[in-house]
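Chemist: The hints should help you fit chain B onto chain A, whose structure is shown.
Here's the letter readout for the chains.
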Amino acid sequence: MSTTRLQEVLICFGKQKQTGIATANTGAEMWRFGKLNAALANPKLSTENDAEEFGKGHEFPTQSFQTSWDVNGTLEKYLGAEIAAWAMAFGLGKVVKSGTTPNFTYTCTPLMPANGDAAELPYFSFVEQIRPGAGVVLDRMAVGCVVEGWTISIGSGPGRANSKITVEFAGSGKVIEPSMIAMPAATLEKLLPSASLALTINGVNYVSNKNIVSLETSWKNNVRMDAGFYPGSGFQTAGDATSGAIRGRLEFGNRQGTLRFTARFENGSTELTKLKNQTTGTAVLSLTYDANNSLEITWQKVSFATAEVGETDGIVTVAVECLPMYDVTNGIVSAVAKCGVDNICQ
Amino acid sequence: MSERDTVWLRPPWGEGEPKEVEATPAVLVPLLVAGWSQCAPPKPEVKEDVHD
Chain A
1 MSTTRLQEVL ICFGKQKQTG IATANTGAEM WRFGKLNAAL ANPKLSTEND
51 AEEFGKGHEF PTQSFQTSWD VNGTLEKYLG AEIAAWAMAF GLGKVVKSGT
101 TPNFTYTCTP LMPANGDAAE LPYFSFVEQI RPGAGVVLDR MAVGCVVEGW
151 TISIGSGPGR ANSKITVEFA GSGKVIEPSM IAMPAATLEK LLPSASLALT
201 INGVNYVSNK NIVSLETSWK NNVRMDAGFY PGSGFQTAGD ATSGAIRGRL
251 EFGNRQGTLR FTARFENGST ELTKLKNQTT GTAVLSLTYD ANNSLEITWQ
301 KVSFATAEVG ETDGIVTVAV ECLPMYDVTN GIVSAVAKCG VDNICQ
Chain B
1 MSERDTVWLR PPWGEGEPKE VEATPAVLVP LLVAGWSQCA PPKPEVKEDV
51 HD
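Those protein sequence lines, which keep their order, are chains A and B. Just so you know, the numbering used here puts 90 at position 90 of the first sequence, and the rest follows in order with no gaps. Just so you know, the numbering used here puts 35 at position 35 of the second sequence, and the rest follows in order with no gaps.
This is chain B alone, in the form it adopts within the complex:
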């Protein structure tokens, strides 16, 4: 089974959290028209090591 092809989009005007969506025209086109734009995937949160 092939892995689902997804992309990350950031919301219109750059306000709000990016979201990961399926990379199909049916999903992408309405979002692009509404102002969403492709962005890099968010970096995973790095927790500081509390143990010295």
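Okay, chain A solo, but in the shape it has when bound:
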């Protein structure tokens, strides 16, 4: 018997958004990436049984029922211009595409229902395959997935691991097996390394003063998973009420942004003063491959929620947790992602 090793797993997912939660992406709308984490996006079937029902004469189950389906997964990757553009567009939800090849620019902001935007996030399909075809081990497509959140981590050091992105996603539960998708060629990625960072927070340029040690920023949609199951939301097999319910919508809940960083603390460092004074300002971080491939994230108004002096490798540092706040003109966060790939989230 041949052994199947996880290095064989291939993934692709919707570069473009689905036209609706139940309409899968076509192969032409997808792109393929490698990833760092081993976890698979396993569909989970919830079942119930009749053990607690009266009228059987005993307490044991006699039947089980397929009730609902769930899919979720995580993508861990070295940060590149393409995956950054995808995560910002699908994660924040609102996107304007401008530019032409090779410099497409995606300006992304969170959806604002109070101003007429949808509460549903853009949907994509996610495919996992191991030896698709005659010797198939795994070949399935989760339909109707949304980005639950992303985290970008920037660290000190020479390796690629010092600039990473983690994307969590959640699905409607709809799964197509086999996927019927011909795996596209791998996407050529333009990495956005830690050494390219530019960072200004609350008026301080932490790169020019050579003080930044590490940084993490994230966005979480807190998707209302249970609200996806509503009367009429549908079944795994359309029209078959025994096949288990799937979600008919995935709406964001109370969204949260975070920004925390560690910087060297020295004479003249202003973090503790700014904490005491609750000084507010923008936080702008950018990472660049070249003029056509970059990511710039702007937290429009932050104050410092905590600032603790400690040490990193024997050097005195300050760990700061920022509080991203809503600016009346520019909202809470915006991302400008540039890459050479057309039609992301279109």
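Hint data in this document are derived by calculation from the structure and do not stem from the laboratory. Being a predicted model, the structure only gives us computed values, none of them experimental. Do not take every clue at face value.
[Claimed, not checked] Using C-beta positions, here's what the derived DEER-type ranges look like: (1) B/GLU15 - A/THR47: 30 to 36 Å; (2) B/GLU17 - A/ALA118: 20 to 26 Å; (3) A/ALA198 - B/ALA34: 25 to 31 Å; (4) A/SER64 - B/LYS43: 34 to 40 Å; (5) B/GLU15 - A/ASP50: 51 to 57 Å; (6) A/GLN7 - B/ALA40: 42 to 48 Å; (7) B/GLY16 - A/ALA305: 37 to 43 Å; (8) A/ALA134 - B/PRO41: 45 to 51 Å; (9) B/ALA34 - A/ALA161: 53 to 59 Å; (10) B/GLU17 - A/ALA198: 36 to 42 Å; (11) B/VAL21 - A/LEU188: 53 to 59 Å; (12) A/GLU216 - B/ALA34: 27 to 33 Å; (13) B/LYS43 - A/ALA161: 46 to 52 Å; (14) B/ALA34 - A/GLY203: 22 to 28 Å.
[Stated by the list, open to error] Here are the simulated BS3-like cross-link-like pairs (lysine-lysine), alpha carbons at most 27 Å apart as the crow flies: (15) B/LYS19 - A/LYS97; (16) A/LYS97 - B/LYS43; (17) A/LYS164 - A/LYS97; (18) A/LYS97 - A/LYS56; (19) A/LYS190 - A/LYS220; (20) A/LYS190 - A/LYS97.
Every residue, glycine too, gets a C-beta built ideally from N, C-alpha and C.
Modeler: For chain B alone, kept in the frame of chain A given last:
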């Protein structure tokens, strides 16, 4: 001199006329936050030929 990069946006709630704006974050972000969304450029008005 390069051509100005612009996009078309439709107003919040889909009410009103689309407008063409410069595709810079300084211009786009406040509009997106206010509910404007990207749309296709309007089709040029075609006048019927009055001469048979």
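Chemist: Given the hinted pair B/LYS19 and A/LYS97, is their alpha-carbon gap at most 27 Å?
Modeler: holds, 15 Å
Chemist: Between B/GLU15 and A/THR47, is the Cβ distance one that fits in 30 to 36 Å?
Modeler: violated, 48 Å
Chemist: For the pair A/GLU216 and B/ALA34, does the Cβ-Cβ distance stay inside 27 to 33 Å?
Modeler: Because 30 Å falls inside the window, the suggested range holds.
Chemist: Confirm or reject the claim that B/GLU17 and A/ALA198 have a C-beta distance inside 36 to 42 Å.
Modeler: holds, 38 Å
Chemist: Given a hint of 25 to 31 Å, does the C-beta separation of A/ALA198 and B/ALA34 actually sit inside it?
Modeler: holds, 28 Å
Chemist: Is the hinted pair A/LYS190 and A/LYS97 satisfied, with a Cα-Cα distance of at most 27 Å?
Modeler: Within the cut-off at roughly 19 Å; holds.
Chemist: Does the Cβ distance between B/VAL21 and A/LEU188 fall inside 53 to 59 Å?
Modeler: The hint (53 to 59 Å, Cβ to Cβ) is violated, given that B/VAL21 and A/LEU188 are roughly 32 Å apart.
Chemist: Is the distance from the Cβ of B/GLY16 to the Cβ of A/ALA305 consistent with 37 to 43 Å?
Modeler: holds, 40 Å
Chemist: Range hint 51 to 57 Å: satisfied by the CB atoms of B/GLU15 and A/ASP50?
Modeler: holds, 53 Å
Chemist: At the C-beta level, are B/GLU17 and A/ALA118 separated by a distance inside 20 to 26 Å?
Modeler: Holds - the Cβ-Cβ distance for B/GLU17 and A/ALA118, about 22 Å, lies within 20 to 26 Å.
Chemist: With 46 to 52 Å as the target window, see if B/LYS43 and A/ALA161 comply at their CB atoms.
Modeler: With Cβ atoms ~50 Å apart, the hint holds.
Chemist: Just to be careful, I want the Cα atoms of A/LYS97 and A/LYS56 compared with a cutoff of 27 Å; is the pair within it?
Modeler: With a Cα-Cα distance of about 61 Å, the restraint between A/LYS97 and A/LYS56 is violated, given a limit of 27 Å.
In this structure, the earlier hints numbered 1, 4, 9, 11 and 18 are contradicted, and the remaining ones agree with it.
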